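> The primary structure of each chain is shown beneath.
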Amino acid sequence: MPLHSNHLLGLDGMPKDDIQLILDTAVSFREVLERPIKKVPPLQGKTIANMFFENSTRTRFSFELAERRLSADVLGFQASGSSLAKGETLKDTARNIEAMKVDMVVMRHSAAGAPHYVSQVIEANVINAGDGGHEHPTQALLDIYTIREKFGRLHDLHICLVGDISNSRVARSNIFGLKTMGVKVSVCGPATMIPRELDKLGVDVYHHLDEVLPTVDVLNVLRIQLERGAGRLFPSIREYHNYYGITKQRLEKTGRAITVMHPGPINRDVEISADVADGEHSLILQQVLNGVAVRMAVLYLLATRN
Amino acid sequence: MRELKATIIDEGGFGRTITRLAHEIVEKNKGPESLAIVGIKTRGEFLAKRIAKKIEEVEDIMLPIGSLDITLYRDDLIGKLDQPEFKGTDILFDITDKNVILIDDVLFTGRTIRAALDELIELGRPETIQLAVLVDRGHRQLPIKADYVGKNVPTSPGESIRVHMKEVDGEDAVLLMYPEKPEEAR
Amino acid sequence: MEILLKGGRLVDPVSGRDETTDIHIIGGKIEKISTRISVPSSSQVVDLKGKVVAPGFIDMHVHLREPGFEYKETILTGCTAAASGGFTAVCCMPNTNPAIDDESVIKFIQHRARVALGGLVDVYPIGAVTAGRKGEHLAPMAELADAGAVAFTDDGDPVHDTEIMRRAFEYASMYDKPIIQHAQDKQMTKGGVMNEGLTATELGLPGMPAIAEDVVVARDISLVEFTKGQYHVAHMSTAGSTELVRQAKMKGLRVTSEATPHHFTLTDDAVRRFDTNTKMNPPLRTKDDVEALRQGLKDGTIDVIATDHAPHSFDEKQVEYQVAPFGIVGLETAIGLSVTQLVQKRLLSLYQLVEKFAVNPRRILHLPQVRIAEGETANLTIFDPVAEWSVSPQKFMSKSKNSPFDGYRLIGRPFGVMNNSQVFWFAL
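Protein chains in written order, with the working numbering: chain E, 1 to 306; chain L, 307 to 492; chain V, 493 to 920.
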């Protein structure tokens, strides 16, 4: 069964079969990454534009690596900062790039829904590489892949997202994807960073880490946007770290081996302490490696959807 | 629906063919020591396991066995196929300096073998790559020839060869099917 | 000009009439109302069987965009859209460039309106509360009132400063003019582009909470009680402020409100496809809010249906949701949406609908009521309350087509308007 859509815009509403297919195909691509020559030819002749309207190093590198490993021709740009309401409209940019016969567009944008809009005005496949506070589907897929790889299953696991849920596209995509896969999902953070009515998405809401840690298998720790919240959404970095920072001491108190993930980039000793990030239960670097395989799977499945 | 034209190899013949292929491979390579067996997914993988097992029984040796998923190397990947499933290549040993026996069920146009050769060469530098197939039905579109052939079967282009194997089909047999009938008026 | 309107249903709350009759109009004046009128064969006879003849409708919340934003709309195109939507009068909002904070702008608008359609659509300017709508200093409200401003508002923005709002109430009271408030706490809605709630959470779009409207309405009502001013809540969108207005009315305060067709028709669920034509301020709210507005319209808490007609050019809306400007056009779908959502669902009678469109706005703005009576000027809105049609923004007379209702099947459509000896028959 092929994917249900020509685009990967988000995990909200994506059928379980599609997520399963991407995860399974990613397993096959993981092997390619272990080869002496880590390059395979399926996307030969395909041109992919990486349109990054917002700064990102790791996501862009990960996509670019995945594209090159599939033998696609790659071009791209990265706008410095936000290009909202500046000069050329998004529609014009997208259509210009398409006029150059681009087959796929990978897009990062600071406005929610921007890739959805572009997918409506151009023919190319569109992959959302993060849109504002909305979704970051490939990040969630690689998170889910990494969890499945570690535990060999997804059922009967309890995953908790920690941090600024309100502004996190990673959190949203994880919630949508994990719920579709039947995983128990909780969130934990200050009340000011958790949207009202979030429980209606089938998520348990906690405000105190020590209440959720005893039952949790995986903590997915979100990056705190230092430039954003302090002073308005929480009083100070120090207080945030003291109450929501994931530290070795806090984890050891539970007497359980809790797996720790983080989408990066990490603020060491803010949302996660260095000894946890580098510790034996951390999957952070595994996530990075798996990200390439998952993105290869997504690119491959969209390109061969024909 | 295709209808059966003839049974090319029956259950008994199937076993004998595998035994013969195993012997030929060992003989031509002057022993099994340098061999590595690689089957092309899906049925080539099962054939590879059977042939390897036969060699191992006779020679009392453990052979490196792997499977190749040539999907990514197909020349009709974009445009023609509807979402080909990529199940992954599974070769957990270094093929460099090995005599690699590449195994598939049916040799037809040669395009699958071309893809397999391309992929194998990117995995390492084998001493030789030799091709073993259960059936060669002719109609090559590329300059490719098998080193070991279970049975040569002259066919017309529209006919098809069906290989059944116990592992997936519940029986061992090679069947020749008539060309597909045009839709009959009902 | 001599016209016989034959067999229409005359609905005029002002003279208390609701009957099927003929109306004979000569030279723009109502000559005779009777079931038996014989006219010379030379006069035009229009068969209005099944149609409603009402006092001319007035939309008290329209952005005509001129001066300053003529690429979105002009006084001429806006008036044409109004006529096409069944209105014989509009009030135009002061967020023009320059803003309506000076009598010269009022004179300019009045002049343009007079020449626009020969007076078919009356244009009543609404002045700014503060100079440049900046919220800092009071605009010259006395001069504006003398020049013809019928009310004051900083619409587009709230009057945020409580001290300024108090003084505005006090000052406007001297001229018996209402302050119309775009009720919204700016700090709470900073960066927001849609209703805060589950849908915004799922879409990851910054939210504007309903409470940001409610707190301002609550504050303003307290000021009304204190200043004895007159207060009108523009485009009320929440269940909370509807209840606040209901209570204020029970206390006998001079508080009124309006709702737009889009707020009593759509919920924030419409945003899901990131269609920028679902982006307006205040934003589309929840099912509960829509239900509260409908009840408010039914029980009289909400006095007026106004459109907040806010034209934007095609390109301006062809952008990211977060970047797109707020607002949709509304003049040409107002009657259809109102009949479909309110009359068809038996929340309002046709008689009450006419009150919300013609009578109550004039009462709030202290404008002379339009009566359908012998000897009066023929200022009429004629509409078909059962005709079904489908919305096609490309056919709008408005310069802009930014409507979320493309393809909607509606019941009830304008048939014609008449005012100041001008007649406009709906063509389609």
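It is worth saying that the hints were derived from the structure and are not from the lab. Be aware that a few hints might be false.
[As the list claims (entries may be wrong)] Derived SDA-like pairs (lysine to any residue); straight-line CA-CA distance at most 20 Å:
| hint | chain 1 | residue 1 | chain 2 | residue 2 |
| --- | --- | --- | --- | --- |
| 1 | E | Lys200 | V | Pro701 |
| 2 | V | Lys790 | V | Phe806 |
| 3 | E | Lys38 | L | Asp424 |
This structure is a prediction, so every number in the text was calculated from the model and none was measured.
> Give a verdict on every hint.
Do the hints match the structure? See the list:
1. With a C-alpha separation of about 17 Å, the suggested pair E/Lys200 and V/Pro701 falls inside the 20 Å cut-off, and the hint holds.
2. Restraint check for V/Lys790 and V/Phe806: the C-alpha separation of about 35 Å exceeds 20 Å, so the hint is violated.
3. For the given pair, E/Lys38 sits about 13 Å from L/Asp424 by alpha-carbon distance, which is consistent with the 20 Å threshold.
Going through the hint list in order, the structure does not satisfy hint 2, though it satisfies all others.
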